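Chains as they are written, first to last, in my numbering: chain A, 80 to 346; chain B, 526 to 915.
Check before you lean on any hint, since a few could be wrong.
What the hints assert, rightly or not - Coverage of chain A stretches by chain B, computed from C-beta distances (three or more under 8 Å per stretch; other residues unrestricted): (1) 218 to 226; (2) 285 to 298.
Claimed, not checked - Cβ-to-Cβ under 8 Å is the rule here; a few derived chain B residues that face chain A: (3) Ala591; (4) Ser594; (5) Ile596.
Treat the hints as calculated values from the structure; they're not laboratory data. Only a predicted model underlies this, so the values are computations on that prediction, with no experimental measurement involved. Cβ atoms here follow ideal geometry from the backbone N, Cα and C, with glycine treated the same way.
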Amino acid sequence: MPLKILVTSKRVEDPEALILVKADGSGIETQGLSYRINPFDEIAVEEALRLKEEHGGEVVVASIGAADCVSEIRVALAMGADRGIRVDHEGPLDPGMVAAILQKLVEGEQPDLVILGKQSVDDDQNQVGQILAQRMGWARATFASKEESLESTAEKTRQCGLRLAADGTSIRVVREVDGGLETLELSLPAVITTDLRLNIPRITSVPGIMKARKKPVREIQVEELGIELQPAVIVRKLHSPSKRGGGLRVKTVQELWDKVHGEAGVL
Amino acid sequence: MDFTLSDEQKMLVNAVRQFIKEELKPLEDEVESTGLLAPEKARAIFEHSRELGLYAMNMPEEYGGAGLSAIDTMLVEEQFGHTSDILIRRAFGNIYEALLVCEGAQKERWLLPTVRGDRTCSIAITEPGAGSDAMGITTRAVKDGDGWLLTGNKHFISDGEYSDFFLVTAVTDPESTPKAISLFLVDKDSPGFTLGRNQVMMGLTGTSCNELFFKNIRLTRENLLGEEGRGMRICLQTLGRVRLAQVGARAVGKATHVLDLMVEYVKERKQFGKPIGDFQLIQQMIADSVIEVNAARLLLHRAAWEIDQGRDARDWISMVKVHAAETLGRVTDRAVQVFGGMGYCKELPIERYYRDSRIYRIFDGSSEIHRTLVARGATKFGAALYDVRA
Ligand SMILES: Cc1cc2nc3c(=O)[nH]c(=O)nc-3n(C[C@H](O)[C@H](O)[C@H](O)COP(=O)(O)OP(=O)(O)OC[C@H]3O[C@@H](n4cnc5c(N)ncnc54)[C@H](O)[C@@H]3O)c2cc1C
Chain A
80 MPLKILVTSK RVEDPEALIL VKADGSGIET QGLSYRINPF DEIAVEEALR
130 LKEEHGGEVV VASIGAADCV SEIRVALAMG ADRGIRVDHE GPLDPGMVAA
180 ILQKLVEGEQ PDLVILGKQS VDDDQNQVGQ ILAQRMGWAR ATFASKEESL
230 ESTAEKTRQC GLRLAADGTS IRVVREVDGG LETLELSLPA VITTDLRLNI
280 PRITSVPGIM KARKKPVREI QVEELGIELQ PAVIVRKLHS PSKRGGGLRV
330 KTVQELWDKV HGEAGVL
Chain B
526 MDFTLSDEQK MLVNAVRQFI KEELKPLEDE VESTGLLAPE KARAIFEHSR
576 ELGLYAMNMP EEYGGAGLSA IDTMLVEEQF GHTSDILIRR AFGNIYEALL
626 VCEGAQKERW LLPTVRGDRT CSIAITEPGA GSDAMGITTR AVKDGDGWLL
676 TGNKHFISDG EYSDFFLVTA VTDPESTPKA ISLFLVDKDS PGFTLGRNQV
726 MMGLTGTSCN ELFFKNIRLT RENLLGEEGR GMRICLQTLG RVRLAQVGAR
776 AVGKATHVLD LMVEYVKERK QFGKPIGDFQ LIQQMIADSV IEVNAARLLL
826 HRAAWEIDQG RDARDWISMV KVHAAETLGR VTDRAVQVFG GMGYCKELPI
876 ERYYRDSRIY RIFDGSSEIH RTLVARGATK FGAALYDVRA
């Protein structure tokens with residue numbers, strides 16, 4: 080049964096780059112930064128493409144942001160997604176706002192499945208998938224993973240970690256939980272968020288890169304979606320974690336107690 | 526003037542970078558210690574690369590390549606420089622643009638299978654008595670009926686062991702001035718062909734360099750590439766871009782790779798209670814390397830841009846050949862110094878990069894030859910070669 084899948088492809092600062100907070104705490108230094116697709120979203124795109132290769136269907140990739148975030152939509156298109164949607168937005172967004180926008184896209188596109196990264200590596204919030212599922216009233220599974228390791232033949236032969244039931248009405252998700260793996264069977268439509276060990280994203284092929292240029296990317300203004308965006312979370316100021324002071328060696332338990340209880344005032 | 530890469534260029538660079546990191550880097554040490562790339566591993570990287578469209582990217586799309594512009598070719602070739610010669614050859618191919626001169630049945634026999642990776646070609650110009658002086662060759666193709674009989678020998682032919690055919694320069698008319706040299710496509714299984722020994726080199730472990738012996742090899746018109754007597758002209762017209770890619774761009778990539786390792790090391794290695802990067806004499810080596818690598822890359826892109834404009838870029842290519850190769854030499858030499866004893870020790874790849882780098886100043890025209898060409902260009906074209914064209 081062909082599946083229509085909506086995936087996200089957020090533009091994030093390259094996690095390997097050096098990130099510095101601006102002196103006035105209003106944000107991070109963007110000069111010289113490079114950007115990439117959120118690694119968890121890349122895994123989501125990969126899984127969606129594998130599902131499509133196995134069952135047929137369509138993969139639609141969405142991102143919210145200014146014009147430059149089209150670059151990351153193109154990466155997903157080069158990997159093999161069919162078309163893109165960019166919701167034009169400048170300025171900060173909190174997870175509730177992102178979920179509200181995505182809800183509108185989901186209502187419009189009516190996919191069988193939405194796959195998102197469990198979090199984006201810039202703010203590490205880990206909320207959008209959950210809020211979106213709640214708003215839609217859909218089944219959800221977070222932290223999708225798989226039983227086989229990333230070195231397994233299952234992964235080398237690019238098998239799907241998410242398993243669609245034979246009748247196409249449900250999907251099995253193995254998810255990472257504290258202390259092990261849990262298997263859920265979700266009825267479709269559903270929202271799934273990806274963890275690191277779900278798959279290894281493919282290297283984009285040269286023909287894929289060339290084709291991406293010609294694939295359509297629709298632009299939507301937030302106003303067109305007919306929603307009021309009210310931030311619930313406002314970032315007032317950023318600062319770097321304070322430097323840890325040097326340690327201290329104590330000779331007796333009494334001395335330890337005096338330091339911890341007396342001087343530091345804890346315990 | 527915009528130096529930002531387009532989305533496609535970024536994706537292309539990233540794809541090559543990721544392939545090298547995941548597929549090729551893990552094989553480097555084994556190639557270095559065993560002296561060869563195991564055939565089944567060569568096959569595996571070739572198949573994966575071809576599946577991704579990373580093989581023969583420099584070739585036009587109509588023949589199955591990626592049809593990259595000169596600039597894009599240099600961007601990916603620079604990435605190739607981050608790994609070793611033999612891995613580049615097997616994973617990405619080493620396809621000479623001279624093969625595009627193929628016509629009619631030649632295409633099916635030599636060009637197309639080479640782009641597909643079913644056949645491999647080496648270029649055989651150098652002889653024991655003729656290196657820099659490529660016109661000084663003595664290999665002869667003597668007219669015989671409708672074809673020729675090829676006799677002579679070549680040496681230092683890269684990948685000679687693996688390749689199954691050769692682009693060979695041979696004198697077809699010794700009497701004319703200058704003497705007429707032609708290019709022939711010579712199959713390895715031709716009667717009269719003998720593969721000589723592998724001439725072991727200082728570096729480039731895993732790539733064979735062979736002597737070739739030709740004794741009365743019968744060649745037909747189909748073996749002749751382009752017109753008779755035009756061999757050197759074809760070389761001049763098509764080898765420039767290869768040189769820019771395989772020497773210029775790869776030297777920039779290799780220098781970048783080594784510089785990366787140096788920058789990391791000077792932050793971590795501590796002596797006299799502080800990172801060695803705090804010492805000004807070390808800083809000078811880092812600064813000079815950063816400056817020279819960037820200068821070499823700018824010159825490389827300029828030369829590629831000249832090619833994409835359809836202009837004769839030979840003098841620009843010569844400038845890059847000299848500057849990039851010598852930058853690489855200086856950067857790897859500094860790297861050995863910065864790493865100290867570890868730079869000289871085989872436990873780290875620095876000494877290997879040092880050995881691998883040395884040849885860049887020699888093959889494909891030595892620094893002396895290309896300097897001579899640049900000087901000749903300057904006296905001929907004057908300021909057009911070094912001043913702003915306003
Ligand atoms: C690893 C390796 C791979 C190679 N691969 C190939 C290959 O695949 N195919 C191929 O055909 N060849 C190949 N070669 C040959 C290579 O291109 C030649 O070695 C190179 O052109 C120099 O020629 P030579 O070694 O004969 O040196 P020579 O020409 O003898 O030069 C010796 C010295 O004299 C200098 N010199 C010569 N003429 C002049 C001049 N007019 N002015 C100033 N100085 C001058 C040179 O710069 C050099 O310093 C390879 C060589 C090596 C080492």
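(request) Quick one: see if chain B covers the segment 218 to 226 of chain A, three-plus residues with Cβ-Cβ under 8 Å. (result) Per the Cβ count (0), the hint is violated.
(message) Hint validation: serine 594 (chain B) versus chain A, beta carbon distance must be below 8 Å. Holds or violated?
(response) Violated: closest Cβ of chain A sits about 12 Å from serine 594 (chain B), beyond 8 Å.
(request) Classify the hint on isoleucine 596 (chain B) as holds or violated, based on whether any CB of chain A lies nearer than 8 Å to its CB. (result) violated (15 Å)
(message) Checking hints one by one. Is alanine 591 (chain B) an interface residue toward chain A, by the C-beta closer than 8 Å rule?
(response) Holds, because the Cβ-Cβ distance from alanine 591 (chain B) to chain A comes to roughly 5 Å (cut-off 8 Å).
(request) Test coverage of the segment 285 to 298 of chain A by chain B using CB-CB distances below 8 Å; three residues minimum. (result) Coverage by chain B holds for the segment 285 to 298 of chain A (7 residues, Cβ < 8 Å).
Checked against the numbered hints above, the structure violates hints 1, 4 and 5; every other hint is satisfied.
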